[in-house]
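Residue numbers (our numbering): 40 to 522.
Keep in mind the hints are simulated off the structure, nothing from the lab. Since the model is a prediction, treat every value here as computed from it, not as a measurement. Where is the CB? At the ideal position from N, CA and C, for every residue including glycine. Careful, some of the hints might be misleading.
[Said to hold, decoys possible] Computed beta-carbon distance windows for the label pairs:
| # | residue 1 | residue 2 | range |
| --- | --- | --- | --- |
| 1 | R151 | G107 | 44 to 50 Å |
| 2 | R470 | K421 | 22 to 28 Å |
| 3 | Q147 | N247 | 29 to 35 Å |
| 4 | E204 | A54 | 38 to 44 Å |
| 5 | A65 | P235 | 38 to 44 Å |
| 6 | A200 | G107 | 28 to 34 Å |
| 7 | T250 | R470 | 47 to 53 Å |
| 8 | R470 | R221 | 31 to 37 Å |
| 9 | A475 | E307 | 18 to 24 Å |
| 10 | G294 | A183 | 19 to 25 Å |
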Amino acid sequence: MNPQSTTRQPRASDAVSRRLTEYVIARTGLAYYRDKNDELHRHLHTRLRELGLNDVEAYLHFLTSDAGGEAEFDRLVEELTIGETYFFRHASVFDALRERILPELLHQNRDRRRLRIWSAGCSFGAEPYSLSIVLRKQLAHLTAGWAIQIVGTDVNRRFLARAREGSFEDWAFRGVGDEVKRDCFSRGPSGWRIAPRFQQDVTFEHHNLVTDAIPSAAAGLYDFDLILCRNVMIYFSSATADQAVSGFFNCLVEGGLLIVGHAESNVERFRSFRTINEAHAVYYRRSSNEPDVGAPARVDGAAAQSPGLGALQTLPFVEPSVIHHDRPERPSSRQTFSSGVEPAETFDADSAKALLHVRELADRGEMENAVNRCARLVETDKLNPSVHLYHGLLLDQTGNVEGAERSLRRAVYLNRHCPLSHYYLGMNQKRRGLIAEAVRSLNNALDLLSRMDDSTIITHGDDVTIGDLRRMAMAHLEGIKIQ
């Protein structure tokens, strides 16, 4: 039986509740909890029960006291933070790291033969160890004799303790091939342990992006060639995210790179960087040749002519699902969320192949061609919501935001059970300042996502899960309320 169903939840006056919420947000940056009082109190209930306290006011007093307050804050953080992680998360990002980003950084540092990387918000350590595997196994021919330092930081001390052990359960390997698993890990009674040679370059440190200094010589957080901070700032307020990005900029060497989550791209926030937009990957370079204040972030490469599919870097091309029942059975952890639409055999053999071709054109920067091809497909397959979704995203990225909204609305009309269409419609409306409409669309997406299993992987979504999409939608909705 769920103990929360039989034990009275802690109560507090509105004033005390607000004080506690603001205290938590001020120290963690988790602005997500500002309007989630019930959810915050569920976490508090666990801590109150363990401490033997009866009310929230007593807990707040203990939390801010000198005797045990800091230790208790760490325990509370363990309750509040999310530990979802797995190796090589978002395959497109690691493809870019392996094929372009890391070889380029190694070439830049060829004289000093040293590379420093920071994984901020590293959770259980899968990301830092994934980087070590790429560098010491897959790029071993380039890194022999190099001094490599990979620093993983997190605000959750329990996560860090797990990370230092280097032990992982099966779920962390859903993106790992048999060869990597065999060569880089050993099987033990309690799971899989990473080989020592991939641990020797990796260290883990406790760090709070909101309250701790960055750069920090004392913590070793400075002069990085590469910083990854993915799916952390989506929970921050806009001001807190701006502060963190400024700190990252100052932690990078000249020419150093920053990689953030798909949902965290923001032209204004990253205007001090040079934006590099490639197929399925966007990252930011620190450059001394900075744009003027107020100027938009600049773009390198083919995307200088065409911005590429920025909306799809929030969540790469995916096929919407047809869900006809109100409460679908919970799928297994390996199940994928994909399309139930049968494509018509009308264009490039069928719509699925045609959409793949459209995506390839967009990836190469041939945006006008991609839009035209997709428009032809709209005419030949008018009842396929996937086609209208693709078309809407392409129009959005080429500046036709009104046309994009019309296409996204058609996708929603043809398949009201697809959370992706509601989500992208909400993003379009948010960018255009249609706040009430954006809130409605994002809430529609969240309502649909609440009936699905968080661990389900979205087909063609670069390992994005239903839970990832839900958290992104919640973060954007929260951002609307904070602004």
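Hints, verified against the model:
Between R151 and G107 the C-beta distance comes to about 46 Å, which sits within the given range of 44 to 50 Å. A hinted range of 22 to 28 Å holds for the C-beta pair R470 and K421, which are about 26 Å apart. Distance hint check for Q147 and N247: the Cβ-Cβ separation is about 30 Å, which falls inside the suggested range of 29 to 35 Å. A hinted range of 38 to 44 Å for the beta carbons of E204 and A54 is consistent with their spacing of about 43 Å.
Range check, A65 to P235: about 40 Å between beta-carbon atoms, so the 38 to 44 Å window is met. The hint said 28 to 34 Å for the Cβ distance between A200 and G107, and at roughly 19 Å that hint is violated. Evaluation of the 47 to 53 Å hint for T250 and R470 yields a failure: the beta carbon distance comes to about 31 Å. Range check, R470 to R221: Cβ separation about 46 Å, and the 31 to 37 Å hint is violated.
Checked against the given bound of 18 to 24 Å, the beta carbons of A475 and E307, roughly 23 Å apart, stay inside it. For the pair G294 and A183, the supplied restraint of 19 to 25 Å holds, since their beta-carbon distance comes to about 23 Å.
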